[in-house]
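Participant: For reference, the chains in residue letters:
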Amino acid sequence: MNKTLDQFSIGETGIVKAVIAEGKIKRRLFDMGITPGAEVFMRKRAPLGDPIEITLRGYELTLRKSEAACVNMEVTDK
Amino acid sequence: MKKIVLAGNPNCGKTTLFNSLTGSTAHVGNWPGVTVDKRDGVYKKTPENVAIIDLPGIYSLSPYTPEEIISRNYILYEKPDCIINIVDSTNLERNLYLTTQLLETDVPVVVALNMIDVVNKNGDKIDVKALEDKLGVPVVAISALKEKGLKELMDKAYEESRVVREGTTVLTDTPLARLIDDVKTALKKQNVENPLFHAIKLVENDSMELNTHKETAPMVEEFKKTFEDNTFGKDFEAIIADGRYKYISKNFAQTVTKKEKDKLKMTPSDKADKVLTHKIWGIPIFLLVLFAIFHLTFAEDFLYLGAIFNFPTLEELGLLTEDGEPINFGVQLLSTFYDGQIASPGIFIDHIWNDLIIGNLFGWLGGLVEDSSLSQWAIGLINNGILEGIAAVLSFLPCILTLFLFFSILEDSGYMARIAFILDKMFRRFGLSGRAFMPMIMGFGCSVPAMINTRTLADDKERTATVRVIPFFSCGAKLPILTAVAGAIVVYFGVGNADLITYGMYLLGIVAAIASVLLMRSTSLKGETPPFIMELPSYHTPQFKNLMAHLWDKGKHFVKKAFTIIIASTIVIWLLSHFSFAWQFLEDEQINDSILADVSKFVQPLFTPLGFGSQLGQYGWVFVVAVVAGLIAKENVIATFATLAACLTAVVGMDFGELAIDAEDGIDAVQSMIMATGITIPALISFIAFNMTTIPCFAAVGTAKAELGNKKSFKGTLLFWFLSSYIIGAMVYTVGSWWWTTFIWTLAIAITVMGIVFRNKHNKVGRNQL
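First to last, the sequence lines map onto chains C and P. Residue numbers 36 to 113, in my numbering, belong to the letters of the first sequence in order. Residue numbers 11 to 780, in my numbering, belong to the letters of the second sequence in order.
If you're looking for bench data, these hints aren't it; they were derived computationally from the structure. A virtual CB, placed ideally from N, CA and C, is assigned to each residue, including glycine. Check before you lean on any hint, since a few could be wrong.
As the list claims (entries may be wrong) - Calculated cross-link-like contacts (lysine-lysine; reagent style DSS-like; alpha-carbon spacing at most 25 angstroms):
no., chain 1, residue 1, chain 2, residue 2
1, C, K61, P, K281
2, P, K268, C, K113
3, C, K100, P, K471
4, C, K59, P, K268
5, P, K435, C, K79
6, C, K100, P, K536
7, P, K289, C, K59
8, P, K281, C, K79
9, C, K59, P, K611
10, P, K158, C, K79
11, C, K100, P, K284
12, C, K100, P, K289
13, P, K12, P, K244
14, P, K536, C, K59
15, P, K256, C, K52
16, P, K256, C, K61
17, P, K12, C, K61
18, P, K471, C, K113
19, C, K59, P, K235
20, P, K244, C, K52
21, C, K38, P, K156
22, P, K284, C, K61
23, C, K61, P, K471
24, P, K284, C, K79
25, P, K435, C, K59
26, P, K289, C, K113
27, P, K260, C, K52
Said to hold, decoys possible - Cβ pair distances, simulated, as ranges:
no., chain 1, residue 1, chain 2, residue 2, range
28, C, Q42, P, K570, 45 to 55 angstroms
29, P, Y314, C, N107, 47 to 57 angstroms
30, C, N107, P, T236, 42 to 52 angstroms
31, P, V767, C, I45, 29 to 39 angstroms
32, P, K235, C, A53, 21 to 31 angstroms
33, C, N107, P, D280, 21 to 31 angstroms
34, P, P57, C, N107, 47 to 57 angstroms
35, C, A53, P, T236, 53 to 63 angstroms
Take the sequences, apply the hints, and build the full model.
Facilitator: Laid out in structure tokens, this is it:
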């Protein structure tokens, strides 16, 4: 099943398919390791519901839902 | 001297390594982006001494954040002899991404596998030799914290610094390999240094490169026309980033052997995180932590025990003399932590420092000067000008250090990054990111480090807005203004509650900051909310060594400030108040004729709408002098009152009763000013509100200038500070004096807000139609 990263529920795992963004945000997502093929585990949401915290490439990363919406994912594990 | 630079991801132990190598005490924290400027030191155990330069932590050499630009320019244009690339071994994959970029320069590289002890402890293994073969540069396993492997690392780096190296890339398997090679050859012909690095950045369409290599850029465009990748199309930046990570996953995954782990087992870090960022408890816990920090630092009545149990005061116990002094040294010691209430640790240290150490030391020094054969005016200058100034600044040292100790613990433990995570949504409403919280909260300690810390904010407009509102977060030096004036209001007029006024002022500052950010982000500093894509470091117990290093660094900075800017400014103020325009020396009694008084009288009418202008009569200028003195250092405001109280007694024989004898005490000094001028309560509150929000001290203004970089926005910032404090002061005074003016202010604010909303909407419609 495919969906964007911001729609992931807590505990879901997926593979990055594509990053649809521009300039600064796109580069930052790449630099932090969100590139096609990377495995991402959705850890939690902040107390106010946004941003989210994910695990990828062995570390914890936080990003906003609006930024996570740029990342197309394929769900591999629930 | 050879230059060796330290480069690596934020939070990979770079600054710890720097401290271990140079014996210096640069500030270290568990917060991505703690080193925001490069700093240098010297390492002495190689055959010749080498300079060590610590660059800010970066994830990449992209051209987007100030840290990346600083690092990139240093590596490319300052000709370092070797790069030590520090890599967090517990997170090899992401850390090596930067390594692949550093290898593309022609500078020799040594990779330092830091935190190898943690990897081994976890039961994992890294094959150093295999990694070395793959990277083609020396790799040394170290532990910066335990100082293991450092000698070997430095010997390797020194050796490497003497060889010539040519850049290498891991992108040879990507479809862009040929293009990169062609561009590199073209650049080489133009004698460009680091041709491979520049070639790859050009191919990435890097904005910094497009400007510097205009002739070569079309080559890439030409190639792009005929190229089409299956997944990425013509997005070369994506192909390159992907190429790097693919190479890393393919080649370096096998150098690490992970112990089989139960995936569901939670590490202690996970457990801590579960509580601290809990859905419901996360925010209350954060508020509690913040309250605890301020309570531990500033509370006179620790845990409110005194109020609850009604302990007897020292006076009631008969332990004080009639003058209110302790009857013996034992009682003086007791008074440092007990007087009807138990002092919090911060206040306890404060008492020890100020009552026992500073008080006695400076009393003794002053006595020496008094007894010397110096002329009258020289004694005045040294005692009233210099010594008093230094003592005033040093008296804040305990408060600032205690506060910083707590912030360091938050930072070092990894909780600070979670605070940004928790608060981001709230900050976004104001057009800022959760990261802006850190510099703002630091503003409660001191504006200078807070402003420097804004460099962790990637967006220029967000930075400018944050730098501007930092002074609204009342710093340690402004606290005495609050306590002295609030205290005087309570004692003199017998109304109100000093704590309440102080808290109210802190709150006013925060409200002013929020309002200003909203205003700026919707008018002059409009822009998209900056991204918030941030690493959350693992929690760990703060290292005592790091904490002490941090405190030492802060203390040093502060003492340096005391002995430079403050000395200079107190001398200037003293001279201005003891010389007339005819350049004639004036006794204390003649202060009314001094340059300072003349200038202050001249600008005094300006402050009439704020309640401390012309309406105060003959001696009203004292408040203006205090404001002016406050521009140099906020500590000066109350100190000026103390000096002026003594002078006024001498001049007009003004009788302040017992107050003048003890005018050193801020509350008494303010009371004498009230008696001399007949200033009203609303005007006094307006005076503190103005001082809280106006142009900060010299040091902070200088820092703001350096941080903002561009002259126009710096001038705008000065004007912003003055105007906002003027408006706030006027609002406090008029509303306090005539309650019905509330309606006028409300109306004015409503009209402004509506005007801005309307204009922004109108502009948006206009743009959409185009």
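Participant: Hint by hint, note whether the structure agrees.
Facilitator: Tested hints:
| no. | hint | result |
| --- | --- | --- |
| 1 | K61/C - K281/P | violated, 32 angstroms |
| 2 | K268/P - K113/C | holds, 24 angstroms |
| 3 | K100/C - K471/P | holds, 22 angstroms |
| 4 | K59/C - K268/P | violated, 34 angstroms |
| 5 | K435/P - K79/C | holds, 15 angstroms |
| 6 | K100/C - K536/P | holds, 22 angstroms |
| 7 | K289/P - K59/C | violated, 30 angstroms |
| 8 | K281/P - K79/C | holds, 13 angstroms |
| 9 | K59/C - K611/P | violated, 53 angstroms |
| 10 | K158/P - K79/C | violated, 37 angstroms |
| 11 | K100/C - K284/P | holds, 20 angstroms |
| 12 | K100/C - K289/P | holds, 17 angstroms |
| 13 | K12/P - K244/P | violated, 42 angstroms |
| 14 | K536/P - K59/C | holds, 17 angstroms |
| 15 | K256/P - K52/C | holds, 14 angstroms |
| 16 | K256/P - K61/C | holds, 18 angstroms |
| 17 | K12/P - K61/C | violated, 38 angstroms |
| 18 | K471/P - K113/C | violated, 41 angstroms |
| 19 | K59/C - K235/P | holds, 24 angstroms |
| 20 | K244/P - K52/C | holds, 17 angstroms |
| 21 | K38/C - K156/P | violated, 45 angstroms |
| 22 | K284/P - K61/C | violated, 30 angstroms |
| 23 | K61/C - K471/P | holds, 20 angstroms |
| 24 | K284/P - K79/C | holds, 9 angstroms |
| 25 | K435/P - K59/C | holds, 20 angstroms |
| 26 | K289/P - K113/C | holds, 21 angstroms |
| 27 | K260/P - K52/C | holds, 18 angstroms |
| 28 | Q42/C - K570/P: 45 to 55 angstroms | holds, 53 angstroms |
| 29 | Y314/P - N107/C: 47 to 57 angstroms | holds, 55 angstroms |
| 30 | N107/C - T236/P: 42 to 52 angstroms | violated, 27 angstroms |
| 31 | V767/P - I45/C: 29 to 39 angstroms | holds, 37 angstroms |
| 32 | K235/P - A53/C: 21 to 31 angstroms | holds, 23 angstroms |
| 33 | N107/C - D280/P: 21 to 31 angstroms | holds, 28 angstroms |
| 34 | P57/P - N107/C: 47 to 57 angstroms | holds, 55 angstroms |
| 35 | A53/C - T236/P: 53 to 63 angstroms | violated, 23 angstroms |
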